[in-house]
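Engineer: Spelled out, the chains give:
Protein chains: 2
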Amino acid sequence: MRVLGVDPGLTRCGVGVVEGVPGRPCTLVAYYVVQTDPGDELALRLLHLDRSLTDLVAEHRPDSVAVERVFSQHNVRTVMGTAQASGIAVLAGARAGLPVQTYTPSEVKAAVTGSGQADKAQMTAMVTRLLRLAEPPRPADAADALALAICHVWRGGTRSKLAAAADRVRRGGAR
Amino acid sequence: MRVLGVDPGLTRCGVGVVEGVPGRPCTLVAYYVVQTDPGDELALRLLHLDRSLTDLVAEHRPDSVAVERVFSQHNVRTVMGTAQASGIAVLAGARAGLPVQTYTPSEVKAAVTGSGQADKAQMTAMVTRLLRLAEPPRPADAADALALAICHVWRGGTRSKLAAAADRVRRGGAR
Numbered sequence: 001m002r003v004l005g006v007d008p009g010l011t012r013c014g015v016g017v018v019e020g021v022p023g024r025p026c027t028l029v030a031y032y033v034v035q036t037d038p039g040d041e042l043a044l045r046l047l048h049l050d051r052s053l054t055d056l057v058a059e060h061r062p063d064s065v066a067v068e069r070v071f072s073q074h075n076v077r078t079v080m081g082t083a084q085a086s087g088i089a090v091l092a093g094a095r096a097g098l099p100v101q102t103y104t105p106s107e108v109k110a111a112v113t114g115s116g117q118a119d120k121a122q123m124t125a126m127v128t129r130l131l132r133l134a135e136p137p138r139p140a141d142a143a144d145a146l147a148l149a150i151c152h153v154w155r156g157g158t159r160s161k162l163a164a165a166a167d168r169v170r171r172g173g174a175r
Numbered sequence: 001m002r003v004l005g006v007d008p009g010l011t012r013c014g015v016g017v018v019e020g021v022p023g024r025p026c027t028l029v030a031y032y033v034v035q036t037d038p039g040d041e042l043a044l045r046l047l048h049l050d051r052s053l054t055d056l057v058a059e060h061r062p063d064s065v066a067v068e069r070v071f072s073q074h075n076v077r078t079v080m081g082t083a084q085a086s087g088i089a090v091l092a093g094a095r096a097g098l099p100v101q102t103y104t105p106s107e108v109k110a111a112v113t114g115s116g117q118a119d120k121a122q123m124t125a126m127v128t129r130l131l132r133l134a135e136p137p138r139p140a141d142a143a144d145a146l147a148l149a150i151c152h153v154w155r156g157g158t159r160s161k162l163a164a165a166a167d168r169v170r171r172g173g174a175r
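Chains as they are written, first to last, in the numbering used here: chain B, 1 to 175; chain W, 1 to 175.
Note that these hints are calculated values from the structure, not bench results.
Check each hint, because a few of them may be wrong.
Claimed, not checked - For each label pair, taking beta carbons as the anchor points, the in silico distance ranges come out as:
#1 W/R51 x B/R155: 28 to 36 Å
#2 B/G97 x W/Q122: 39 to 47 Å
#3 W/D63 x B/K120: 31 to 39 Å
#4 W/G116 x B/A134: 31 to 39 Å
#5 B/G23 x W/A58: 41 to 49 Å
#6 B/F71 x W/G39: 32 to 40 Å
#7 W/R24 x B/D55: 39 to 47 Å
The beta carbon of each residue, even a glycine, is placed where N, CA and C say it ideally should be.
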């Protein structure tokens, strides 16, 4: 199962692609940070983000997309841009016909580190270890996107197994 | 000059199209409210909104698009969906290669009623009179979208240049 995770942001948007199955270590496919210039007008920034995400989805052909859910408790100065970026990310997955799942930051932290209160350094360290990387992914936006993708593989896989089991039952098979 | 105005919302998104020149009464072309079901998943809702707005832009071929700017002071329960919808609206204009301008609610109110503090009823009454309609546009989301479009026709062109210049001064840049 290949998952593309997105840590949405208007100035810096993290994208991480991993492959794996629930309960086993995932493999890194690629990670990116899509950047837009805060000096450019909003329309250009959203257009650049849309094209970049659409291209990355087309290039990596994930089975599904995971996007961090944005709350109004986030940094108030940037929250509107973050929310708009998350909308563009969800749309990029949906337009490619892929299932899109959103996760809260604490769901991702809990899935990856075992604690919903983990800080950024713990998250980066855990992502580095889980993907058996020689160096921590930089910048942190990329680590967060990879964590989202890992979280979705581990939790999403369950749903796929259940779905597959349901399919087998429906087909009357017993594999 | 034909302008398509968008009052962004995830559950109800107002769209209004008018034609006119600065300082003269505008003419109504059409108005709509795009609705999505709060019970559907986010990806489907954003996809429906994107397709509807993209279709309306293609159908009406406006010269530019005006979108209401969303603030975190808006209704906290719905502000994230409103921000995501506004991102989709700005993107729909940008993907069609059109200039997209955002306006604050008080800019629109001031342009249309002369007062930045006008209430919804005053706005609807003024839009009805300005477009010489026999009946007020219903629902109010459509009236707000028409007000945005009128505001942009009257301020259009000039505003973007001034705003860009002001932005450059504020940033201290000289691009």
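Engineer: Hint by hint, say whether it matches the structure.
Structural biologist: Verification of the hints:
| no. | hint | result |
| --- | --- | --- |
| 1 | W/R51 x B/R155: 28 to 36 Å | holds, 29 Å |
| 2 | B/G97 x W/Q122: 39 to 47 Å | holds, 45 Å |
| 3 | W/D63 x B/K120: 31 to 39 Å | violated, 45 Å |
| 4 | W/G116 x B/A134: 31 to 39 Å | violated, 57 Å |
| 5 | B/G23 x W/A58: 41 to 49 Å | holds, 47 Å |
| 6 | B/F71 x W/G39: 32 to 40 Å | violated, 21 Å |
| 7 | W/R24 x B/D55: 39 to 47 Å | holds, 44 Å |
Checked against the numbered hints given earlier, this structure breaks hints 3, 4, 6; the rest are met.
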